[in-house]
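Chemist: Residues per chain are reported as follows:
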Amino acid sequence: MVLLVLVPPQLANCLRNPCLEVIPDRAFTCMGLNISGVPAEVPNTTRNLDLSFSNLKSLGSNYFSSVPELHHLDLTRCQLHTIEDNSFKDLHKLSTLILTANSLQYLGPAAFDGLTLLKKLVLVETNITSLADLPIGHLHSLQELNLGHNNIASLKLPEYFTNLTSLRYLSFFSNKITHISKGDLDVLREGNRLNLTLVLSLNDIKYIEPGSFEKIHLGELVLRSSFENFNVMHSSLQGLTGLQVNRLIVGEFNNNQRLVNFQSGLLSGLCQVRMQEFVLICFRDFEDDTDTLFNCIGNVSSIRLVDLQLEEVSEVPMFSQVKQLECKKCKFKEVPAVKLSLFKELRVLRITKSKYLNSFREKFHTLSNLEVVDLSENRLSFTGCCSLQFPKCPNLKHLNLSFNSDISVTGDFATVKNLLYLDFQHTKLFGPGSYPVFLSLQKLIYLDISYTRTHVKAQCAFCGLNSLQVLKMAGNSFETNKLVDSFKNLSHLHTLDISNCKLVQVDQSTFGALTELKELNISNNKLLLFDPGVYKPLRALTALDFSNNQLSVLLDSALEILPDSLVLLDISQNLFDCSCIHVNFLKWVKEQQELLQHEELMICHMPTYVKNVSLLNFDLSSCQLNASMVASSVIVVLAAVVFLFLVYKYYFQLYYSLVLLSGCKHSAERGNTYDAFVIHSSKDQEWVMKELVEPLEGGTPPFHLCLYYRDFIPGVPIITNIIQEGFLSSRNVIAVISTDFLESKWCSFEFDIAQSWQLVEGKAGIIMIVLEEVNKVLLRQRLGLSRYLRRNTYLEWKNKEISRHIFWRQLTGVLLEGKRWNHEEVKLM
Amino acid sequence: MKTSNVLILISVLLFINVSTEWPTHTVCKEDNLEIYYKSCDPQQDFAFSIDRCSDVATHTFNIRAALVLRHSIKELYVKTDLIINGKTVLTYSETLCEPGHSKLIFCGKQKGEHLYYEGPVTLGIQEIPQGDYTVSAKLTNEDGVTVACADFTVKNYLEYY
Numbered sequence: 004m005v006l007l008v009l010v011p012p013q014l015a016n017c018l019r020n021p022c023l024e025v026i027p028d029r030a031f032t033c034m035g036l037n038i039s040g041v042p043a044e045v046p047n048t049t050r051n052l053d054l055s056f057s058n059l060k061s062l063g064s065n066y067f068s069s070v071p072e073l074h075h076l077d078l079t080r081c082q083l084h085t086i087e088d089n090s091f092k093d094l095h096k097l098s099t100l101i102l103t104a105n106s107l108q109y110l111g112p113a114a115f116d117g118l119t120l121l122k123k124l125v126l127v128e129t130n131i132t133s134l135a136d137l138p139i140g141h142l143h144s145l146q147e148l149n150l151g152h153n154n155i156a157s158l159k160l161p162e163y164f165t166n167l168t169s170l171r172y173l174s175f176f177s178n179k180i181t182h183i184s185k186g187d188l189d190v191l192r193e194g195n196r197l198n199l200t201l202v203l204s205l206n207d208i209k210y211i212e213p214g215s216f217e218k219i220h221l222g223e224l225v226l227r228s229s230f231e232n233f234n235v236m237h238s239s240l241q242g243l244t245g246l247q248v249n250r251l252i253v254g255e256f257n258n259n260q261r262l263v264n265f266q267s268g269l270l271s272g273l274c275q276v277r278m279q280e281f282v283l284i285c286f287r288d289f290e291d292d293t294d295t296l297f298n299c300i301g302n303v304s305s306i307r308l309v310d311l312q313l314e315e316v317s318e319v320p321m322f323s324q325v326k327q328l329e330c331k332k333c334k335f336k337e338v339p340a341v342k343l344s345l346f347k348e349l350r351v352l353r354i355t356k357s358k359y360l361n362s363f364r365e366k367f368h369t370l371s372n373l374e375v376v377d378l379s380e381n382r383l384s385f386t387g388c389c390s391l392q393f394p395k396c397p398n399l400k401h402l403n404l405s406f407n408s409d410i411s412v413t414g415d416f417a418t419v420k421n422l423l424y425l426d427f428q429h430t431k432l433f434g435p436g437s438y439p440v441f442l443s444l445q446k447l448i449y450l451d452i453s454y455t456r457t458h459v460k461a462q463c464a465f466c467g468l469n470s471l472q473v474l475k476m477a478g479n480s481f482e483t484n485k486l487v488d489s490f491k492n493l494s495h496l497h498t499l500d501i502s503n504c505k506l507v508q509v510d511q512s513t514f515g516a517l518t519e520l521k522e523l524n525i526s527n528n529k530l531l532l533f534d535p536g537v538y539k540p541l542r543a544l545t546a547l548d549f550s551n552n553q554l555s556v557l558l559d560s561a562l563e564i565l566p567d568s569l570v571l572l573d574i575s576q577n578l579f580d581c582s583c584i585h586v587n588f589l590k591w592v593k594e595q596q597e598l599l600q601h602e603e604l605m606i607c608h609m610p611t612y613v614k615n616v617s618l619l620n621f622d623l624s625s626c627q628l629n630a631s632m633v634a635s636s637v638i639v640v641l642a643a644v645v646f647l648f649l650v651y652k653y654y655f656q657l658y659y660s661l662v663l664l665s666g667c668k669h670s671a672e673r674g675n676t677y678d679a680f681v682i683h684s685s686k687d688q689e690w691v692m693k694e695l696v697e698p699l700e701g702g703t704p705p706f707h708l709c710l711y712y713r714d715f716i717p718g719v720p721i722i723t724n725i726i727q728e729g730f731l732s733s734r735n736v737i738a739v740i741s742t743d744f745l746e747s748k749w750c751s752f753e754f755d756i757a758q759s760w761q762l763v764e765g766k767a768g769i770i771m772i773v774l775e776e777v778n779k780v781l782l783r784q785r786l787g788l789s790r791y792l793r794r795n796t797y798l799e800w801k802n803k804e805i806s807r808h809i810f811w812r813q814l815t816g817v818l819l820e821g822k823r824w825n826h827e828e829v830k831l832m
Numbered sequence: 426m427k428t429s430n431v432l433i434l435i436s437v438l439l440f441i442n443v444s445t446e447w448p449t450h451t452v453c454k455e456d457n458l459e460i461y462y463k464s465c466d467p468q469q470d471f472a473f474s475i476d477r478c479s480d481v482a483t484h485t486f487n488i489r490a491a492l493v494l495r496h497s498i499k500e501l502y503v504k505t506d507l508i509i510n511g512k513t514v515l516t517y518s519e520t521l522c523e524p525g526h527s528k529l530i531f532c533g534k535q536k537g538e539h540l541y542y543e544g545p546v547t548l549g550i551q552e553i554p555q556g557d558y559t560v561s562a563k564l565t566n567e568d569g570v571t572v573a574c575a576d577f578t579v580k581n582y583l584e585y586y
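In order, the protein sequence lines correspond to chains C and H. The opening residue of the first sequence carries number 4 in the working numbering; numbering runs sequentially from there. The opening residue of the second sequence carries number 426 in the working numbering; numbering runs sequentially from there.
If we strip away everything but chain H, and leave its shape as in the complex, we get:
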C-alpha cells in the first residue's frame, strides 16, 4: 500500500516536471536593449547568443546557435513572425537548405548530429524595429517537422543613426 502511494507521488512529481516550460534565457541586457528567448519546441531547449548586442541595429550581425537535431535537415525552412501586442504584423520565410544545393555547412545533417552555427545573420528587413515586441521563429524540415522553435522577447530602444 505504501509503495503504491510513493509511486503515485513520484509519478505526479514527474508529470509536473514534464509539463514545465523551458526556462527563459537572456541574450542581451543593456540599457536600451533587452533580448530574451524561450524554446517553444516541447522536445528540447537550445543555445543562442549574439556576439555584440549593439550590432542588432545593423542589417547583419553575428550569432551563435547550437542544438541537437532531433530530425534530419536535408531541407530546412525558417519562418519568422513579428508579433506586436499579440498580433502578427510581419511574416518572413526563407529556404535555408534545399536539395541539390546545400549552400550552408549544416545542410544535410542527420538526426542526432550536433548543429552549431556561428556566423552572420542577415535580416529580411533593413533593421530590427524599436519598441517592445515578440519575434517567433520556427525551423522546419523536408517533412514539415519542427526542428527548432523559439520566441524572442525584444525591448529595443536603441538610437539609430
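Same shape as in the complex, but just chain C:
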C-alpha cells in the first residue's frame, strides 16, 4: 500500500571538489564530496575535520596519521563497514568522534586504541547489538556515549564500565531493550557517580526487575515511550525501587502515544524512589482516575507537568513537600488556586501556555512561602487584581500575568505589597493610566505594562512606585499624545521604555526627576524634535534609542547636551534632512560611528536629490562644491544686475552707438542731397527761418538745407530721421547754439552724433553758429561743447549789418566747399 522510495543523496560530485576551509588551517568540511580517504590538501594542523557523507568504506590502521592534531572528527554516513585495529592510533588529542549511520560489520578489538582523550563517542545507527563486544573499556576520559537507534537488547553494563569514571551521559534511545534485570547496572553502584544521565526512551521495556536500580544514584533517568501499556508501565515503575535520582522524566512523545489512559496508581512505584525533580510529559486522557497522581511524588521538591491533558489538579497529599510546581500546556479552565493552596511549602508556581485557562475566581490561601507566580501565556480574563487572588501570600515577590486576555487592576495590592517584579505585558489592562493604581507597591523594582492598551490620562498614574527601577510601557498611549510629568516621582528609574506610544511631543519638565536613568527607549513615535531642554536632566544616560521618529536633524545645541556617559545612540530610521546647512550634523555622524547604532538605516529623506542616500555615504565634499557654486552664481547675478543697471543708465548712449554703427553701413549708399543739416532748438525756429533758410536757399548760389520740421519723413523714428535724413544726406552740419539749444536734450544728442560722425566719417564739418544772447555760464557747464568751442573756430551771430555781412560770407564759403553743381544751378550763376 505504501510505496517508499528512498533515493540516496546524489553523489555526482566525482570530480575533486576541494574541501571547505571553515577556519584557516584548523577546520575543514569535506561533506558529501564522495572522497575515499583523508584529502591531501587538509594540512596536519587541522583540528576539526568533517568527512561526512563520503565513501570511506573501511578504516585501516593509522588511517588518520596525516592529521594528528584532530580534536573533532565527523565520519557520519561514510559507508563504513569495517574499522580495523589502530585506525585512530595517531589521534591522541581527539575529543569527539562521530560514527553516526555506518552499518559496522567489523569493529576490531583495538579499533579505538590511542584515543586517550576522547570525551564524546557517537555510535548512533551503527548496527551495534551488544555492549559486551564494544572495545571502549580503555576510554577513561569518555563523558558521553550515544548508542541510540541500535539493536542492543540488554542493558547489562559490562565490567569495563567501571573504568569509564568520567561518564556523564549514556543513551540507549530507541534500542531493543525489553528486560532490565538485577545486576545489569551493578557497575554504576561502584564509585562516585552522581551525575550520570541514562536515557532509555523508545525501548520496549516489558519488565524491570525490582532491585535493578537498588542503591543506584543517577543524575537523570529518562523513560519516554518506553512502555507498551498501562500495566507494563505500572509494574516496571515498581522496579525502580531504591533508585536515587536528581531528575526523573517519564512520559511519551506527542506522535508516539501508546498508553490510553492515566489510571489510578500508575506512579505508585515511585514511592520507593528518591528524587528531587519529577517530570511527566506528553500524556493524553487524564479525564478520570488522576487522584493518585501526587500520591508518590508529594515529597518531591520540584514537579513539572508538561503537555498533559490534565483538566483538574489531583488530590494533594497532606504535608506535601513540593516547592516548585509547573503545569505547561495543561487543560485547566480555571486557576486551581484552592487545591494548589494545599501545597503548603510551595515557593514557585508556574501555569503557562494553557489555551483553555481563562478564569481566575479562586483564591490562593495562606501560602506563606510563595514567592514566584507565573501565569503567563494563558487566556486569563479576570477582575480585581491582585489582593483578591492572593489574600495571604505575604512573600509574593514575582508575579507574571503577561500574554493573557484582559485583567482589571483595581489598585488593591495591600496583601502583596512586597512585590518586586510585576509583568502584565500584552494583556489588556483596565485601570492603570486612569487613576493611581500602584500606590501601595512601594517596593516594586520592575513593572512591565507594554502593549496593555493603557491610556495614561492621570498625572499620578505611577504614583507610589518610589523604588521602581525598570518601567516598560511600550505600545501604549498618552493623553493628547503628549508626554507631560507622568514620571516625576520615579527618581530611581534606570530603564524606561516608551517606544511605540504615538508620542508627538515631550514636555520640558518630563524627565526632570530621572537623574539616574541609564536606558531610554523612545523609538517608534512621531517626534519631530530632539529638544535639548527636555533631555538635559538625563545626565546618567548610557543608551538612548530615538529610532523611527520624524527627526530631521540633531542641532548643535542637542549634540552638546548628550551626556559623556552615552555609549549607545540609535537615531536610525528618521527623516533626515541632508541639506548642506546641516553639514555640522552630517560631519558629526561620520565621526561617531562607534556611538551610533544601525547606521545603515540612517538615510537622507530630504532634499530630493539625495533621497535614500545613506548618511554614511553622504558626500560632504558636495557641500563645499555647493558653496562655491552658490558664490559664483551670486557673482553672476550681481554682474547681471550691474550690467542691467548700466544699460538702464547709459541706454541713450548705447542706443546711439548702435545707431551709429548701423548708420555706417548705409553712408556709402546715399548721396549728398543737402548741403547742410541744421541742428537747432525748436524755439530758435523763427531765427533759423528768417536768418538762415531765407538767405541761403533764396540766394545765389542756392543751398539746400535739411530742416527737421520740413524734411524729416513722417512715420519713421526720430533717431532714424536724424541719421538718415540729417547726417547721411548732408555734407555739413550747422549747429545753432543758443540757450535753448543747451537746454534741449535732443539738440545735445544730435550734436554728440555730429561730433562722432565727424570722427568716424571724417567728412562732415560742423559749422557752429553761436547766437549772441547765449549765457556763457550755461555754456561752460556743458563741458563737451565748451571744450569743442575752445578748440575749434565758430561763427558768431551779431545783429549788426557789418558783422552779418561777414557772417554770410564765411558761412557761404564753408558751404561752397566740395559742392557739386548741377546744370540748373550753374545756369543760375
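Note that these hints are calculated values from the structure, not bench results. Careful, some of the hints might be misleading.
[Unchecked claim] As a list, the in silico DSS-like pairs of lysine-lysine whose alpha-carbon atoms are at most 30 Å apart:
1. H/LYS504 / C/LYS334
2. H/LYS499 / C/LYS331
3. H/LYS499 / C/LYS179
4. C/LYS356 / H/LYS504
5. C/LYS332 / H/LYS580
6. C/LYS593 / C/LYS652
7. H/LYS499 / C/LYS334
8. H/LYS499 / C/LYS332
From a predicted model like this one, the values you see are computed outputs, not experimental measurements.
Given the coordinates of chain C, assemble chain H onto it according to the supplied hints.
Modeler: Just chain H now, with coordinates in the frame of chain C:
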C-alpha cells in the same frame, strides 16, 4: 590529447547530471485527487506517502515521510505556502521542535541520522482547499539551514460532506 577530450566529455556529462532536478513522485492518483511532490532541496530527495489519499479531505490524516538528515534538528521549524497561479495566498508556520521541550520523537536528531515519521498530520486550516494549486513546504533548523524542502502539486476535486 584523446584522454583530455574524454575527460572533458565526462565532466560535461557529470555537470549535466548535477544540474538535473529531482524527479517528481506521485503520492496520490485517483479520479478526483492527484498529489505529486518534488524535492526543492538541491542536496537530496526524500520519501513521502499518505496512508489513505481520501483522508486528505479531513482535518487530520496519516503520513509517512523519510529522509536522511544533513543537519541536526535540535530545533525544527516548518513553513508552508499555498500558491495558486504563482501567487502565495496563504502562509502557515509552526515550531515542531524547540529546545528543552522535544514533544516529537525525532527532535534532537543529529546530522546523518535517518528520520522516519509515521503518524498524523494536523492541518492549520480546516481542510485542504479544492482546485489546482501548489503547496510549498520548507523545514529549517536552529541555524536557519534548510533541512528539507518540497513542492506539492495538488489537483483536488474531492466532494466534501
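Chemist: Against each hint, give a clear statement of whether it holds in the structure.
Modeler: Now for the hints, and whether the structure bears them out:
1. Of the pairs offered as hints, the one joining H/LYS504 and C/LYS334 holds, with about 27 Å between alpha carbons and a cut-off of 30 Å not exceeded.
2. A distance of roughly 20 Å separates the Cα atoms of H/LYS499 and C/LYS331; the hinted pair therefore holds under the 30 Å criterion.
3. The suggested pairing of H/LYS499 with C/LYS179 holds, with an alpha-carbon distance near 24 Å, which does not exceed 30 Å.
4. The suggested pairing of C/LYS356 with H/LYS504 holds, with an alpha-carbon distance near 22 Å, which does not exceed 30 Å.
5. Annotation: proposed proximity of C/LYS332 to H/LYS580 is violated, straight-line Cα distance about 37 Å (limit 30 Å).
6. A C-alpha spacing of about 53 Å is found between C/LYS593 and C/LYS652, which places the hinted pair above 30 Å, so the restraint is violated.
7. Restraint check: the Cα-Cα separation between H/LYS499 and C/LYS334 comes to about 27 Å, which is no more than 30 Å; the hinted pair holds.
8. Taking the CA atoms of H/LYS499 and C/LYS332, the gap is near 20 Å; set against the 30 Å cutoff, the hint holds.
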